[in-house]
Amino acid sequence: MNILVSVKRVPLTGGKITLTEDERAIQTRHLGFTVSPHEECAAEEAIRLVEQHGGESVVLTLGPAEAEEQLRDMMAIGIDRGIHLVTDGEEWDPQATAAAILAAIGEDGTSYDLLLFGNESADAGNYQVAIRVAHALGLPCVTGVKAISVDGNTLRCEQEVPGGRDVYEVPMPAVVTVKEGINLPRYPSVPGRMRAKRKPLAGAAPAWSESKLEMRRLLLPEGSSKQAEVLGTGADAAPAVVQILQELGVM
Amino acid sequence: MATLVFIENADDELSQQAVAFARGLGDGVAAVAIQDAAGYAPAAWAQTLVDLAEQRSATAVVGPGTDRGNEVMAHVAAKLGQPMAANCTSVSPGDPATVIRMRWGGSLLEEAAIHGSPLLMTSAAHAVAAEPIADTETVPVTASASAADRVARVVERIPASTGGVSLADADVVVSGGRGVGSAEGFAIIEELAELLGGAVGCSRAVTSAGWRPHSDQVGQTGTKVSPEIYIACGISGATQHMAGCKGAKRLLAINPDGEASIFAAADYAVIGDLHEVVPAISAEIRKVRA
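Residue numbers (my numbering), protein chains in the order written: chain E, 1 to 251; chain H, 1 to 290.
Among the hints, erroneous ones may be present.
Unchecked claim - In the DSS-like style, the derived pairs of lysine-lysine whose C-alpha atoms are separated by at most 30 Å in a straight line are:
| no. | chain 1 | residue 1 | chain 2 | residue 2 |
| --- | --- | --- | --- | --- |
| 1 | E | LYS146 | E | LYS226 |
| 2 | H | LYS249 | E | LYS212 |
| 3 | E | LYS16 | H | LYS79 |
| 4 | E | LYS212 | H | LYS287 |
| 5 | E | LYS16 | H | LYS249 |
| 6 | H | LYS249 | H | LYS224 |
| 7 | H | LYS79 | E | LYS199 |
| 8 | E | LYS146 | H | LYS287 |
| 9 | E | LYS226 | E | LYS16 |
| 10 | H | LYS287 | H | LYS249 |
| 11 | E | LYS16 | H | LYS246 |
| 12 | H | LYS246 | H | LYS224 |
| 13 | E | LYS226 | H | LYS249 |
| 14 | H | LYS79 | E | LYS226 |
| 15 | H | LYS246 | E | LYS146 |
Simulated from the structure, these hints should not be mistaken for lab results.
When you get a sec, could you build the whole thing from the sequences and use the hints?
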């Protein structure tokens with residue numbers, strides 16, 4: 001089965017987010033970057049499905065030139081090839097992102113059995129790119145999936161819901177969004193990293209279209225800083241901790 | 001003005017919040033409860049809302065900031081070819097309407113303009129207080145039967161295994177981070193959680209290392225918790241983690257690094273090594289109870 005996984009490059013934010021002067025981006029001068037967590041699991045799932053059922057796994061991203069790092073990372077853990085839709089670094093809204101992915105799928109010419117996405121990106125969290133792609137292609141879409149199994153041409157997907165798991169069975173081709181926890185992504189090996197350098201990477205520069213969901217500025221939430229009451233240092237703090245637990249009625 | 005609000009059910013707190021949120025757009029709010037004997041089918045439910053929005057000339061359609069709310073509203077947006085803003089904390093009507101919405105699981109906010117009609121949004125969890133839906137017109141409708149929209153539908157429900165305290169509902173969560181050091185190191189975390197009748201949680205660093213299952217992970221990509229007290233042991237306080245525990249009423253942080261960012265979000269602080277502090281707390285609880 002042929003699988004396309006769409007991923008997004010996001011900063012590793014650490015403990016405190018600071019904004020750029022124009023308040024339109026996170027200050028990333030001192031930050032590393034990674035693949036958004038749900039999407040890293042989508043790539044791992046694609047690799048496992050291809051290992052079991054054969055076919056080809058392809059990773060796609062829409063992002064700045066530097067996002068090649070994330071495509072190579074995913075190829076280092078086993079994805080076969082990459083497609084890089086290069087932007088100038090400006091964030092694309094969900095409709096424009098979906099349109100660019102759709103155009104790339106048409107251009108690529110591969111007949112994909114499964115289009116995998118993360119349930120939502122770690123940064124923008126718009127929850128909709130995959131659904132827009134599915135709708136445009138007339139394909140069924142299952143979201144928030146924590147387990148996938150293949151039976152012939154049918155995908156069985158389990159989605160976590162309050163009180164258990166909902167099961168969907170859809171024919172391929174299909175669109176599925178996954179959540180972290182569906183698997184534990186492997187780490188790239190040194191030979192894997194060497195191989196990734198030679199794997200095919202196709203590039204395209206889609207034309208920017210005006211955002212219909214237009215980000216104007218970023219804001220840090222208020223009241224996120226408290227003055228903690230220091231109960232003590234080391235094991236000597238235990239009686240003070242237990243007193244607090246008693247006051248809170250959780251003893 | 002007519003605003004439709006997709007509700008999961010009348011008793012659902014986040015659906016009630018979505019109704020309260022929608023009132024910010026003006027009068028004429030109707031809650032839509034979709035009946036579907038054949039099982040949840042997201043695209044079909046979206047088609048039901050699209051049809052109703054057309055019949056009523058709705059100027060806005062709002063959903064709750066839940067997995068299902070975001071999913072159904074994204075299908076509505078795809079069908080109508082309109083923008084959709086997920087997890088909004090406020091909305092100001094206008095042309096274009098502007099919203100404040102959550103990014104990074106709420107660690108960052110965004111002001112955005114929505115250039116579309118009808119306005120399509122979901123309301124972020126706990127951004128506004130819930131209001132009883134009884135005061136609002138409720139429209140019961142049967143889900144669209146369109147076969148193309150029912151290809152992806154729930155065919156089976158696997159109930160969660162019972163036993164133990166669920167992380168999402170626990171009154172006490174004792175959570176361990178990278179500072180725990182190993183899978184075996186969680187024995188003292190488990191001991192304290194058990195003494196308090198609570199659940200064990202962990203950070204993403206811990207699940208990535210394979211020390212605990214992902215079902216224990218508290219965070220933006222894990223479980224969101226809201227205990228009476230959250231005891232964070234050896235957790236630095238990355239935004240990824242804080243997005244999962246910000247609903248805790250009280251936060252106690254145990255960390256040897258007094259500069260750790262977790263302390264900026266904590267109500268109580270113990271400066272120290274969790275391997276000494278946690279067993280000492282367990283011993284003290286036993287002593288007090290004896």
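Next on the checklist: If you test the structure against every hint from before, which numbers come out violated?
Outcome noted: 1, 2, 3, 4, 7, 8, 14
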